[in-house]
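Engineer: If you want the building blocks of each chain, they are given just below.
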Amino acid sequence: MALLTDITRQDGAPELRRRTRVLYLVLILVFGALAARLFFLQVIDGERYTFLSENNRVRIKRIPGTRGMVVDRGGQLMVDSRPSFDLLFVAEDAEEPEQTLRQLARHLKRDEKELLATLEENKKRPAFEEIVVGKDVDWATVVAVETHQLDLPGVTLRARPRRSYADGQIGAHVLGYLGEIGPKQLKTLKEQGYATGDEFGQYGLEKTWEYFLRGQSGGQQVEVDALGRRVRVLHEVTDVPGYTVHLTLDRELQETAFQALKGKEGTIVALDVNTGDILAMVSTPAFDPNVFARGIKSEEWQGLIKDRLRPLSNRAIQGQYPPGSTFKVLVAIAGLEEGVLQPESRISDPGYYYFGNRQFRDWKKGGHGSVDLHRAIVESCDVYFYQAGQRIGVDRIAKWARAFGLGEKSGAVLDDEKGGIIPDSEWKRKRFRQPWYPGETLSVAIGQGYVTTTPLQLVNMMAALANGGTLYRPRMVKKIESADSGTVREYGPEKIRTIHLKPTTVERLHKALADVVKGAGGTGGAARSSVVDIAGKTGTAQVVEMKGAYLKSEQLSYFNRDHAWFVSYAPAQNPRIAVVVLVEHGGHGGEAAAPMAKKVIEKYVQLQAQPPEQRQARIQGDTRAD
Amino acid sequence: MQIDRRLIAHFDWTLLALALLFASIGIATIYSANYNIAEAHAGGLPSRQLIWLGLGIIAMLTAVAFDYHYIDRLAYPFYAAMLLLLVLVLFVGHSGGGSQRWLNLGFFRLQPSEPAKIAIVLMLAKYFQNTEPPNGFRLRDLWVPFMMVAPLVILTLVQPDLGTAIILGIVFLSMILMGGLRTRSFLCLVGAGLAFLPIGWHFLKPYQRARILTFLDPDRDPLGAGYHVIQSKIAVGSGGLFGKGYLGGTQNRLDFLPAQHTDFIFAVFSEEWGLVGCLILLVLYFALMVYSLRLIERVKDRFGGLLIFGMVAIFFWHVVINIAMVVGVMPVVGVPLPMVSYGGSSLASMMFALGVMINVSMRRYTF
Chain A
1017 MALLTDITRQ DGAPELRRRT RVLYLVLILV FGALAARLFF LQVIDGERYT
1067 FLSENNRVRI KRIPGTRGMV VDRGGQLMVD SRPSFDLLFV AEDAEEPEQT
1117 LRQLARHLKR DEKELLATLE ENKKRPAFEE IVVGKDVDWA TVVAVETHQL
1167 DLPGVTLRAR PRRSYADGQI GAHVLGYLGE IGPKQLKTLK EQGYATGDEF
1217 GQYGLEKTWE YFLRGQSGGQ QVEVDALGRR VRVLHEVTDV PGYTVHLTLD
1267 RELQETAFQA LKGKEGTIVA LDVNTGDILA MVSTPAFDPN VFARGIKSEE
1317 WQGLIKDRLR PLSNRAIQGQ YPPGSTFKVL VAIAGLEEGV LQPESRISDP
1367 GYYYFGNRQF RDWKKGGHGS VDLHRAIVES CDVYFYQAGQ RIGVDRIAKW
1417 ARAFGLGEKS GAVLDDEKGG IIPDSEWKRK RFRQPWYPGE TLSVAIGQGY
1467 VTTTPLQLVN MMAALANGGT LYRPRMVKKI ESADSGTVRE YGPEKIRTIH
1517 LKPTTVERLH KALADVVKGA GGTGGAARSS VVDIAGKTGT AQVVEMKGAY
1567 LKSEQLSYFN RDHAWFVSYA PAQNPRIAVV VLVEHGGHGG EAAAPMAKKV
1617 IEKYVQLQAQ PPEQRQARIQ GDTRAD
Chain B
4 MQIDRRLIAH FDWTLLALAL LFASIGIATI YSANYNIAEA HAGGLPSRQL
54 IWLGLGIIAM LTAVAFDYHY IDRLAYPFYA AMLLLLVLVL FVGHSGGGSQ
104 RWLNLGFFRL QPSEPAKIAI VLMLAKYFQN TEPPNGFRLR DLWVPFMMVA
154 PLVILTLVQP DLGTAIILGI VFLSMILMGG LRTRSFLCLV GAGLAFLPIG
204 WHFLKPYQRA RILTFLDPDR DPLGAGYHVI QSKIAVGSGG LFGKGYLGGT
254 QNRLDFLPAQ HTDFIFAVFS EEWGLVGCLI LLVLYFALMV YSLRLIERVK
304 DRFGGLLIFG MVAIFFWHVV INIAMVVGVM PVVGVPLPMV SYGGSSLASM
354 MFALGVMINV SMRRYTF
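Sequence order for the protein chains is A and B. Position 274 of the first sequence, counting from 1, maps to 1290 under the numbering used here, and the rest follow consecutively. Position 317 of the second sequence, counting from 1, maps to 320 under the numbering used here, and the rest follow consecutively.
Source of the hints: derived by calculation from the structure; they are not laboratory data. A hint or two may mislead.
Selected chain A positions facing chain B (in silico; Cβ < 10 angstroms) [to be verified]:
{"no.": "1", "residue": "1029"}
{"no.": "2", "residue": "1050"}
{"no.": "3", "residue": "1054"}
{"no.": "4", "residue": "1068"}
{"no.": "5", "residue": "1076"}
{"no.": "6", "residue": "1151"}
{"no.": "7", "residue": "1153"}
{"no.": "8", "residue": "1504"}
All residues carry an ideal CB built from backbone N, CA and C; glycine is no exception.
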């Protein structure tokens, strides 16, 4: 039926016929143009392209962008990139690859077998792809290869910037290290312009600030001759160096902290109490990031990850320890703010406290006698805080601990920060499906039991107390700067929150913490300094629960010994710096940790006394002496 | 349906023969593009293309089986189906190479943007089949087809598949020109298009911008897209007058060519067959188009003529854009060489298009 209706449409196409005639012309023109282009490529330019294709002569040489520098708060270099050379070999360019490698071994006085083995390892890859036969080769090798170039077809040198960490282990955990991109990582990173063989921040600042540090790779499209030597550069893209990252760290303070801790396992963090700037952050044992820069060997890597002392862990942010008696600072604040503690009222400490049918002991055999709040802090009286904790209750302690940033990640831009645990009754119900037992509050009150904190959290708590109640986000990076356009980003101090504290609370604690160091019977006497008044609190975190005897640390096996804490700030009257020291299995905080904090604070005072210009000059002098 | 004897007598063997010839050239070149000298085989792609050809023949016979005037009724449902499939791609599509273009049907990954090209032709042939106004259509008369084509183009652009989106747009433009657009309106349209270029630029993906910039300035990305173009030109140019012989291409063998069995298959072909082979292939495409244009002159109704024209337009733009890209006179946009490049959706759609042309051709005597 459709056919009948269609009859009406017949002969409805004269316009189409007219337009079709134009189309023939279009066809002829377009196809003629394509044919002409083919004629041009294949006949007129054919010889040139044949030449290029026969010798497979266009290569791409990628030049990774030079990574940005990392400098300390005064502009002193902490991480830089130095020029280095890799030795490459393209099997296809050598007529007899094995012969060439034997020659190479002779010139470099290297083991022949080792070189031939690299050829074997890369057998599956196309012959025109370069293989790395030597990484970060020395100057003698560079000279030898250049001199004997004619004997060594297919052997080339590739300049490549390598990371150089000026202070080796000192900044290891903060600065981090680079690693070559693995095949798995490459899949996701390809879109961001990374290629096989590129390096990528794997840890520390190198990782978290990769985006700004990396720079843009450039490269050359090169025509090479039959021996793989460059004839001419066809096209070139210049690489763009990465941005310079300005840290809040002070390189000299960092070094002092590292030297103070040397030989122990632990961490020191120093903060500027008025900005949250991290002035120093060290963790020991450390590793040397320069080892990663030259290409870490498998045995070295295995050694690092299997080490029982965990050198790859940044204890300042990844270590979660019971805060021990340093937590009493917080319990005191909670008690005063909640109006539970009467600072003048005294209790009597016979050396133990009975709760239920259990005896809770004081660290001091025989007890402290009659103590008020001030003395309880100065002498770190456990029995006073057992009772205080019991009256305040765990939930109110937890509320104040959280206000000071304990139990949560500080949000400092560092990788893998841990949060610690601030327990309360709800936490226990969720975690163990059990009610909170009042006896557990007693352990919490002296910083044991379920409570764990990171050293960074504790020092930030001290900084907030020191400045009267402002909790800052610890800041590591001040500024990002590009070589040609100046400052790209700037990071100012960032307040996490203002903690509303009664002036009397702050005053009482400042007084007590100062007396911990300089008062009679204070546990922190070892931090007493002739240069500056230091305020602080000692802590000794039990690793294993001790039943029975009062043992000295030395009497316990190493891994069972207590952790030593010292949290502090200075000057006591007008605080500017807060320092935390943790020495793992260091025994008593007053003996092991307090002297280290003193060293760091004294160094800080000394550095403050020097005008910046003078420091700069001295450093340049140092470099010249190198 | 009763099969008319006259229909068999008038079956267009020329178009069928050309179709099979192109497909054979395609499979042979795909074989070469994937040929591994060391292992002396070419993997599974050539035989899979053979299976797609089987599917294509079924598509072609389907297109031939019924009187093309029924397309009048099928055009809009077909369009709706394509629109639906493209929307499905957006949500449940299979991703590959950074874009989401396929629907996974288990044994086969359908790329709906390929048959969408056909849908545009069918729909517009239907729309324009009635007599055109004396002075041609004005733009405001054409808002319906505009509104119908726009979603197809946008859905393809967001996949992202710039090449196919360009083909959809340009086939649409060709159809409305043939359907009778006023010259002045056409110029307005071109002007508006140019004005919208900067906005369109904004929506392009970084790699698409890079390709266009690379074409305008080859020095821009010599290590990426610029490298592909120079390797493609080396392949074509080194073919010389007579080529390096079948399976003799070296650019291809050494993995220097990108997308060697799909969008850059012409580079493989020209390296091995030289200028002589290329001209033969060009002449075959030319012959197909001239033959089809002659059919338009003999068809008795507008509908049939527009159907054939639309299909020719699809072929024409694919061939021109693809070859121009391979020989380095156009930016790299992903457009297959019709009937030759590897790809089931493309091959089957082209076979269907040829089927429609055969259908019109054999029924032009039935009046």
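Engineer: Taking the earlier hints as the rules, which of them does this structure contradict?
Structural biologist: Numbers 6, 7 and 8 - these are the hints that the structure violates, sorted from lowest upward.
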